[in-house]
Amino acid sequence: MRMRLKLKTVFVLYFTVSLLGLIYALMQLDQQISQLRGELQKLQEHIKTSELAKKTDVPRIYVITPTYARLVQKAELTRLSHTFLHVPHLHWIVVEDAPQPTLLVTDFLAASGLTYTHLHQLTPKDRKLQEGDPSWLKPRGAEQRNEGLRWLREMGAAAEGKEAAALEEAVVYFADDDNTYSLQLFEEMRYTYRVSVWPVGLVGGMKFERPVVEDGKVVRFHTGWRPNRPFPMDMAGFAVSLRFILTTPQARFDGDAQMGFLESSFLQHLVTMDDLEPKADLCTKVLVWHTRTEKPKMKREDALQKQGLGSDPDVEV
Amino acid sequence: MPKRRDILAIVLIVLPWTLLITVWHQSAIAPLLAIRKADDGTETRHETGPATDSKEYCSQDKDIVEVVRTEYVYTRPPPWSDVLPTIHVITPTYSRPVQKAELTRLANTFLHVPNLHWILVEDSQRRTPLVMRLLRETGLNYTHLNVETPRNYKLRGDTRDPRIPRGTMQRNLALRWLRETFNSNSSQTGIVYFADDDNTYSLELFEEMRSTRKVSVWPVAFVGGLRYESPKVNAAGKVYGWKTVFDPHRPFAIDMAGFAINLRLILFKPQAYFKLRGVKGGYQESSLLRELVTLSDLEPKAANCTKSLFS
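Taken in order, these protein sequences are the chains called A and B.
Quick note on numbering: my numbering labels position 253 of the first sequence as 973, and the sequence is numbered without any gaps.
Quick note on numbering: my numbering labels position 157 of the second sequence as 443, and the sequence is numbered without any gaps.
Don't read these hints as lab results, they were simulated from the structure.
Only a predicted model underlies this, so the values are computations on that prediction, with no experimental measurement involved.
There could be a bad hint or two in this list.
Said to hold, decoys possible - Quick look at which bits of chain A chain B covers, simulated, 3 or more residues with Cβ under 8 Å: (1) 736 to 744; (2) 795 to 803; (3) 948 to 961; (4) 1017 to 1030.
Unchecked claim - For each label pair, taking beta carbons as the anchor points, the in silico distance ranges come out as: (5) B/V369 x A/Q755: 26 to 32 Å; (6) B/P365 x A/M993: 42 to 48 Å; (7) A/K1015 x B/H535: 47 to 53 Å; (8) B/S470 x A/P819: 57 to 63 Å; (9) B/R499 x A/Q820: 56 to 62 Å; (10) A/M979 x B/R412: 39 to 45 Å; (11) B/N471 x A/P821: 54 to 60 Å; (12) A/E934 x B/R412: 32 to 38 Å; (13) A/M747 x B/V369: 33 to 39 Å; (14) B/R499 x A/H806: 28 to 34 Å; (15) B/L370 x A/G925: 29 to 35 Å; (16) B/P364 x A/G925: 51 to 57 Å.
The beta carbon of each residue, even a glycine, is placed where N, CA and C say it ideally should be.
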């Protein structure tokens, strides 16, 4: 009898312990389930956004980049392409300052994996910067950007049906090949009705230049230089809807414009300050930087070339 | 009759245990898998404390597999592969106006490279929020370290009087971190590359360096006052000299970005570091490489060093 009692208590103890263990294990499972649920949610968001790339009704961004042959051209275009490859529905319009397309750019674009259009337009000699001129002496890229606009207008006139509808929503952005663009910038500009604007970092001798926004409207511009220009902004600080460009054929860049007035020469055909759409959290975030690339020092190369011992010109740099 | 009761008793004893063990097995294996993946360097991030002389660092949440990259909507690195060797890219950085821009476009390039682990080392007393936020938002697999170069050793504005070449202490800290994190006995495949934050890298470069057995080398553009510098490769595919103008008689007349080292070699020679003091201009790279390889061990890449993949 005593023995049976002992056994009973043993069993009772045993069942209590294993029951507690089971409850603990179930709690662990529960934690795991909530963790997995969190991951699932994140993955679902991930899928949703990667589907954005496959969706066809997302506005296209046309990026016009003037470029010219110099030592760092390939390096600049390379890292630019690395950024653009992440942006869905981007069409890159590269306009060379050359009498005909160069092999370097042709091969580069073909291998880049991007959707692109390769154009060229030579700057007339009197408008071109000479070796040794400071970079601000003459506006650069005006002819090339106008060529890009011309191509867009030609395409717009010829488009019909679905393609024409897609062009109605598209946005045009002028991206120089030595600036730095964050990926968020392109999503900010994608939905532009007329002209959207945002801050630009490291430009005009300032940490940043930007439109000052009050009550959702641009009231003036924060800039260090000549704030009385009609649009004291950098080329990288605005985007224009394609529809607007197509319906305003007189909007083009004035290659003879005074220093710093190139952007204004284009924008004043299109919009007034009141109509500007501020982006980037009402122009409080810097999503693009006006970086400049140092010209590489070629002293030794020049010295060697004089001796006929320069670097192998067959190696494309 | 007693037999049946015994059987019943045995069943009742065994049943809860099997249930418990199964559930325990399930919940125990999952975090274990995560830890193993963490050692491969998949989704976890390690964040280290300040000074170089302190041996401790806290690693956060090793066993939670976080898919951080989905927080930043349009970017994602390629899926982690189990077969590709990891490329550990060591980048020293310091605060200045263009820092965020440089790191942004560097990240945009790195997001295209599979199995890339970015080790960013700040020259600062503390890890700055700017860099922390940037790293988090990129979605890259990264490790954020920092070590401050002592003021009297910092480059003083002009480069005519360099005390410690810029970035040395930071690169050494990263090497130390690698040695502390990876066991030299493990079968970790990895490549170590030193990438400064103001250079441009092509995507092919990373694929070329992935097959490094010991130390691989290639041409570098716009360095040393030339269109490009490169190793001289003979018909047998071996490096026998350097095509540079600036002191071609250095043991390794190559730029920091012109070579990559197999991780195993780094772990195998734990004393090899960049020399801090008394290094002549341009000899930084040699100070590390000569402790690791000889000239004949170098593997030329980029079509036997005829293509320029980097500037």
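Verification of the hints:
1. Coverage of the stretch 736 to 744 of chain A by chain B holds. Counting CB-CB distances below 8 Å, 4 residues qualify, and the rule asks for three or more.
2. Counting residues of the stretch 795 to 803 of chain A whose CB falls under 8 Å from any CB of chain B gives 6; the rule of at least 3 is met.
3. With 0 residues having a Cβ less than 8 Å from any Cβ of chain B, the stretch 948 to 961 of chain A misses the three-residue criterion, and the hint is violated.
4. Only residues whose C-beta sits within less than 8 Å of a C-beta in chain B count toward coverage, and the stretch 1017 to 1030 of chain A has 8 of them, enough to reach three; the restraint holds.
5. Hint check: B/V369 to A/Q755, Cβ distance near 28 Å, so the stated range 26 to 32 Å holds.
6. At roughly 47 Å, the beta-carbon separation of B/P365 and A/M993 lies within the given 42 to 48 Å, and the hint holds.
7. One distance hint, 47 to 53 Å for the beta-carbon pair A/K1015 and B/H535, is violated here, with the actual separation near 28 Å.
8. The hinted range of 57 to 63 Å is satisfied by B/S470 and A/P819, whose Cβ atoms lie roughly 59 Å apart.
9. For B/R499 paired with A/Q820, a C-beta distance near 45 Å fails the hint of 56 to 62 Å.
10. Checked against the hint of 39 to 45 Å, the C-beta distance between A/M979 and B/R412 comes to roughly 43 Å, which is consistent with it.
11. Against the hinted window of 54 to 60 Å, the Cβ-Cβ separation of B/N471 and A/P821 comes to about 55 Å, which satisfies the hint.
12. Distance hint for A/E934 and B/R412: a CB-CB separation of about 36 Å, consistent with the stated range 32 to 38 Å.
13. Taking 33 to 39 Å as the suggested C-beta distance range, the pair A/M747 and B/V369 conforms, at roughly 38 Å.
14. About 32 Å separates the C-beta atoms of B/R499 and A/H806, a value consistent with the hinted range of 28 to 34 Å.
15. For B/L370 paired with A/G925, a C-beta distance near 45 Å fails the hint of 29 to 35 Å.
16. As the Cβ distance of B/P364 to A/G925 is approximately 40 Å, the hint placing it in 51 to 57 Å is violated.
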